[in-house]
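The listed protein sequences derive, respectively, from chains A and B.
Position 194 of the first sequence, counted from 1, bears residue number 194 in our numbering, the numbering being contiguous throughout.
Position 5 of the second sequence, counted from 1, bears residue number 5 in our numbering, the numbering being contiguous throughout.
It cannot be assumed that every hint is accurate.
Said to hold, decoys possible - Which bits of chain B does chain A cover? Going by a derived footprint, with three or more residues having C-beta under 8 angstroms, they are: (1) 21-35; (2) 38-47.
Claimed, not checked - Distance windows between CB atoms, simulated: (3) B:Ile31 - A:Trp521: 40 to 46 angstroms; (4) A:Arg229 - B:Ile31: 23 to 29 angstroms; (5) A:Arg198 - B:Val44: 25 to 31 angstroms; (6) A:Ala454 - B:Leu38: 45 to 51 angstroms; (7) A:Ala348 - B:Leu38: 29 to 35 angstroms; (8) A:Gly26 - B:Val44: 53 to 59 angstroms; (9) B:Val44 - A:Asp338: 52 to 58 angstroms; (10) B:Ser14 - A:Gly262: 39 to 45 angstroms; (11) A:Gly319 - B:Gly30: 30 to 36 angstroms; (12) B:Gly19 - A:Gly262: 47 to 53 angstroms; (13) B:Ile31 - A:Ser224: 41 to 47 angstroms; (14) B:Leu38 - A:Ser548: 39 to 45 angstroms; (15) B:Ile31 - A:Asp226: 55 to 61 angstroms; (16) A:Gly317 - B:Val44: 47 to 53 angstroms.
Worth flagging that the hints you see were computed from the coordinates, not collected in a lab.
The C-beta atom is built at its ideal place from N, Cα and C for all residues, glycine as well.
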Amino acid sequence: MNRLDYVVLIATILAIPLYGLWRTRGRETLGHYIKGDESIRWATIGLSVLATQAGPITFLSMPGQAYESGIGFVQNYFGQPFALITVCAVFVPIFQRLKIYTAYEYLGQRFDQKTRLLGAFLFLIQRGLAAGITIYAPAIILSALLGWRLNLTIWLAGGLVVAYTAFGGTKIVSITQRYQILIIFVGMALAFIIAVHRLPAGLSFGRALTVAGGMGKLQAVDFSLDPDRRYTFWSGIFGGFFLALSYFGADQSQVQRYLAGGSLTASRFGLLFNAVVKVPMQFLILLLGAMVFLFYQFEEPPIYFNRPAYDRAIALGHGAELNELQAEFDDVFARKRDLLNSSGVNSASRQEILQLDAKARELRDRAKGVLERAGASPKSKDSDYVFITFVLQHLPHGVVGLLIAVILCATMSATAATLNALGSTSAVDFYRPLIRPNAPDHHYVVATELLTIAWGLVAIGVASYASLVENLIETGNILGSIFYGSILGLFLVAFFLRSVRGSAVFFAALLAQCLVLILFWTLSISYLWYNLIGCAAVLVFSLALQRSIFAKSSPA
Amino acid sequence: MKGTDLPSEPDGDSAPLFGSWTKAYCVALGIFGFEIVLFYAFTVIFS
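The shape of chain A in the complex, shown without the other chains:
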C-alpha cells in the first residue's frame, strides 16, 4: 500500500461516520434512538439489512471459497427468500402492531417476563461473543499481510464503530450502512472488472467462463439428493430457510434494522428487496472468486497464500521441505498453464488439467502440513487470504486502498448493527424493567448509549483474546447455530402453539439449550443441525410440559 491507498482508505472510512454524525446531531427520544425516525425509507432499510448480514467474512472468505470449491456455496442462500417472506407475513405485522423496541419484548407480552429475559439473555451471549469475532477476523488477516499491529487494528476499527454507534443510535447505523454498502458494491465491482481485464489477452470473458466451468468451478445449482454432497439445491432450500428464519426473525441485530422508521410498508419492502437481491449478490461475489481462480491459472499463485505464516515456518527451520514442495508446485503450474494456453479445456486436455489441478491442491495441503508441524499454523483458513493477496499484489494503487476500505466498511457496518442491538436489548429488556423503571425518557437514552459503549468494550476485549480460538471464522457460525435454535423455538411457540404458556416454554427453552450444549460437546455432526435440533426441542418440550407439569395453567 502506498500513500494514495492510505488517503483513499482513511477518507472512505472516516467520511461516512462523520456524515452520519452530522445527520443525527441533536438530542432525541428513546424511540428515535432505538427505532430511528420516519425519514428512514424502505431502500435504506433494505440496504441496512443487507449490510448487517454481509460482514467482513463475506468479502474476505467468499471469493476464497469459490477459488477452492467453486460457486456452489451460493445454494446455501436459496432458503433465504422464503424465510424473508415468512418474516414479512408473520413476524413484522406483530412487531409493528405492538410498537415494540426489541423482539424479546414480544415474548414478554405473549408469555411472561422470565421468558422475555431468557430470549434476550441468549441473544446477548451469542451476539456479544460474535461481535468480537467480527472485529477480530479481518484484523488478523489485514495485520498479517499489511504489517499493522493487531491490537491497534482492533482498537481503531472497534473504537470508531463504538463511538458513532453510541452517539447516533439506530438512525446513524442505518445511514452509515447505506453508504458503506454502496462503497462495498463499487469496490467489489471494480475488483471484478480488473480481475477479468487481467486475464490473458486472447481469453474473452465467455471463453474464460468455459475454462472455469471446465475446471469444475461454475456449478451453481446441484439437484443431487446425495447427502454426502456439501452444497445442494435441497440443503440450501431447507437448511438455508431454517437458518435465515432464525436470523431474520429472532436476532435483534436484524429485527432492529427492519423495524427502523416504524412503517409496516417500509419494513416489508426492505425485506423483499433482500429476498430478490441477496442471492444474486452472493453469486457475483463467488463468481469474482472464480475469476481470481482463473487469473491464477495464468499467473503463478503462492503455494501458501498466508505469506507471514509461510515465512515463520521457514524461519523455524522448515525451509528445505517447503522449497522442495515449491519446486514441484512451480513445475505443476507451468505444465497446467501450457496446456490451458495451447488447447484450453477440451475433451482431450480436460482430464490432464484436472489431474494437475488436483496435484497442485495436494501440494498446497502438504505445505499446510509442514506449517502445522512447524507450529506456524495460522488461526484462519488459507483460502481467507486468497482474495486479499490478489488485491494487494495485482490491483492498481488507489483501488487497493478502496478494497481495504471495503473490508473495514463491512466490519464497521456489521459491528455497528450488533452493538446497536446489544445496547438496546440490555437497556429495554434488562435495565428499564429490572433496575430503573419509570425514569424520564432521556435517562434511558443515556443508559442505552452507555450500554452500547460497554458492549463495544466487551467486543474489543473478545477480539483481543480471540487468538485463543482455533478456527475463528467457523466460530461465529457455530456460536449462532448453538443459540439460534432455542431463540427461534421461543418465537415459533409464541406464534403457532397458542395453548402453551410462559412457564412451559421457559423451561422447554432451558432444556433445549442444555440439550444442544450437551450434543455439541459429545457429537461431531455439522453445526447447522443444532439450529433445527434446538428449535424442534423447544416446540416438543413446551407442548409436553404444558400438557403434563403445567397442565393446570392451561387456558380453559
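Using the hints provided, position chain B relative to the given structure of chain A.
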C-alpha cells in the same frame, strides 16, 4: 384478537404498487424463481 396474536389475514393493509401483499410476495418469489433458472442455465452452459 389480542395484540400478540397472528393476524387473521396475512396483512391488514395494501401493498403500494402491487395491490396486496400476497401479490408482492408472489412477485418476489417469481423473481427468485427466475434467478434460479438463470443460475441453472449458467451451470448447464459452462459446466
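Okay, the hints, checked on the actual structure:
no. : hint                                   : result
1   : 21-35                                  : holds (count 8)
2   : 38-47                                  : holds (count 7)
3   : B:Ile31 - A:Trp521: 40 to 46 angstroms : holds, 43 angstroms
4   : A:Arg229 - B:Ile31: 23 to 29 angstroms : holds, 27 angstroms
5   : A:Arg198 - B:Val44: 25 to 31 angstroms : holds, 28 angstroms
6   : A:Ala454 - B:Leu38: 45 to 51 angstroms : holds, 47 angstroms
7   : A:Ala348 - B:Leu38: 29 to 35 angstroms : holds, 31 angstroms
8   : A:Gly26 - B:Val44: 53 to 59 angstroms  : holds, 57 angstroms
9   : B:Val44 - A:Asp338: 52 to 58 angstroms : violated, 29 angstroms
10  : B:Ser14 - A:Gly262: 39 to 45 angstroms : violated, 18 angstroms
11  : A:Gly319 - B:Gly30: 30 to 36 angstroms : violated, 59 angstroms
12  : B:Gly19 - A:Gly262: 47 to 53 angstroms : violated, 23 angstroms
13  : B:Ile31 - A:Ser224: 41 to 47 angstroms : violated, 25 angstroms
14  : B:Leu38 - A:Ser548: 39 to 45 angstroms : violated, 52 angstroms
15  : B:Ile31 - A:Asp226: 55 to 61 angstroms : violated, 29 angstroms
16  : A:Gly317 - B:Val44: 47 to 53 angstroms : holds, 51 angstroms
In this structure, the hints that do not hold are numbers 9, 10, 11, 12, 13, 14, 15, in rising order.
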